[in-house]
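Peer 1: One letter stands for each residue in the lines below.
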Amino acid sequence: MLARTIEEAGIPTVIVTMMPALAEKFRLARIVGVEFPFGHAFGLPNDRAMQLEVARLAVRALSEAKEPGYRLDADIEWPIDTVTAYKDWQPAEASPIVKYNLERRARLEAAEGR
Amino acid sequence: MPVDSFKFLPRSFRAGFESVGFQAEAPVWSPLATPIGQATVALLTSAGLYLKASQPPFDVEREKREPLWGDSTYRIIPRDVQQDDIAAEHLHLNTRDFLIDFNVALPIAAFSRLEAEGAIGRLADEHYAFMGFQARGAKEWRTRYGPEVVQRLKDAEVEAVVLAPA
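In the order they appear, the protein sequences are chains A and B. All residue numbers for the first sequence refer to the numbering used here, where the first residue is 176 and numbers rise by one. All residue numbers for the second sequence refer to the numbering used here, where the first residue is 106 and numbers rise by one.
It is worth saying that the hints were derived from the structure and are not from the lab. Glycine residues also receive a C-beta, built at the ideal position from the N, C-alpha and C atoms. Where hints are given, some of them may not hold.
As the list claims (entries may be wrong) - No more than 20 Å apart at the CA atoms, straight line, and that leaves these computed lysine to aspartate or glutamate pairs for DMTMM-like:
1. LYS274(A) - GLU123(B)
2. LYS259(B) - GLU278(A)
3. LYS112(B) - ASP263(A)
4. LYS274(A) - ASP164(B)
5. LYS200(A) - GLU123(B)
6. LYS169(B) - GLU183(A)
7. LYS262(A) - ASP164(B)
8. LYS200(A) - ASP248(A)
9. LYS169(B) - GLU268(A)
Unchecked claim - To give an idea of the interface, some chain A residues facing chain B are shown, with a C-beta separation under 10 Å as derived from the structure:
10. LYS200
11. SER270
12. GLY288
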């Protein structure tokens, strides 16, 4: 969303994202995909080599993209097993919108007599 | 191998995402006017980072009361920020790693290195932190805070922006 606003205003952007499929739906100019848990677009904490590797891909996207829809996927495997990483990125407590949706569903189900 | 956008999401999410027909009508595009090796680059994250000594936190208390609302303001993070200066508020993520090393979301260290190598022209003095959860449509981002940041970027003669959604 912000990427579109900035790009439309004349400043080129590259988005480094765990959800390149979503960035494609927004039809962003330059997309770098990373298969990393949320909150970690540039990699592991204190892993300067991994962070630099991703940053280099962002620079490469800026330098070589010639038209919108450019996508470059990082070939970097997250070094922590998926089950642990999946749990680890999430907040300790469910977010307000998640709680709201769960409560709303429970109310609807109660109203339907389920 | 193409990146799997759903690897770290609940299984039901993929089907929901794929069933939504949304697609932006037109792509956006601005060509790079300056070769990247000479361009000034700024960074933008939506990890909810802020400077704990001088900036207010993102308003997660209101979000707790109004779950469909998200704080749409932003914080300016200077390039010389130190890890101890950083705090984070984001109810949709575990913020622990931002407090260990904010560079996972705002990679100032990596881009400083790229500046020293000459791979980019210059790393800007100011970078931007938003909090990613927004009310549907993100109107305030589109009409108020996005344009405000654009003006700041132009005033700082920034020629490319690297965005890292959290």
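Peer 1: Next step is simple, just say for each hint if it's right about the structure.
Peer 2: So, going through the hints one by one against the coordinates:
Distance restraint check for LYS274(A) and GLU123(B): the Cα-Cα separation of roughly 23 Å exceeds the 20 Å cut-off, and the hinted pair is therefore not satisfied. Our distance criterion of 20 Å between C-alpha atoms is broken by LYS259(B) and GLU278(A), whose separation comes to about 45 Å. Of the pairs offered as hints, the one joining LYS112(B) and ASP263(A) holds, with about 13 Å between alpha carbons and a cut-off of 20 Å not exceeded. Between LYS274(A) and ASP164(B) the CA atoms are separated by roughly 18 Å; this keeps the pair inside 20 Å, and the hint holds.
For the proposed pair LYS200(A) and GLU123(B), the alpha carbon gap of about 11 Å is at most 20 Å, so the pair holds. Note on LYS169(B) and GLU183(A): the hinted pairing is violated, with a Cα-Cα distance of about 33 Å set against a maximum of 20 Å. A threshold of 20 Å between alpha carbons decides the hint, and for LYS262(A) with ASP164(B) the separation of about 25 Å lies outside it, so the pair is violated. A distance of roughly 16 Å separates the Cα atoms of LYS200(A) and ASP248(A); the hinted pair therefore holds under the 20 Å criterion.
At roughly 12 Å between alpha-carbon atoms, LYS169(B) and GLU268(A) fall within 20 Å of each other, so this suggested pair holds. With its C-beta approaching chain B no nearer than about 5 Å, LYS200(A) sits inside the 10 Å limit, and its interface hint holds. Look at SER270(A): its Cβ gets to within about 5 Å of chain B, closer than 10 Å, so that hint holds up. For the restraint placing GLY288(A) at the interface with chain B, the shortest Cβ-Cβ distance is roughly 24 Å, beyond the 10 Å limit, so the hint is violated.
Hint compliance for this structure: hints 1, 2, 6, 7, 12 are broken, all remaining hints hold.
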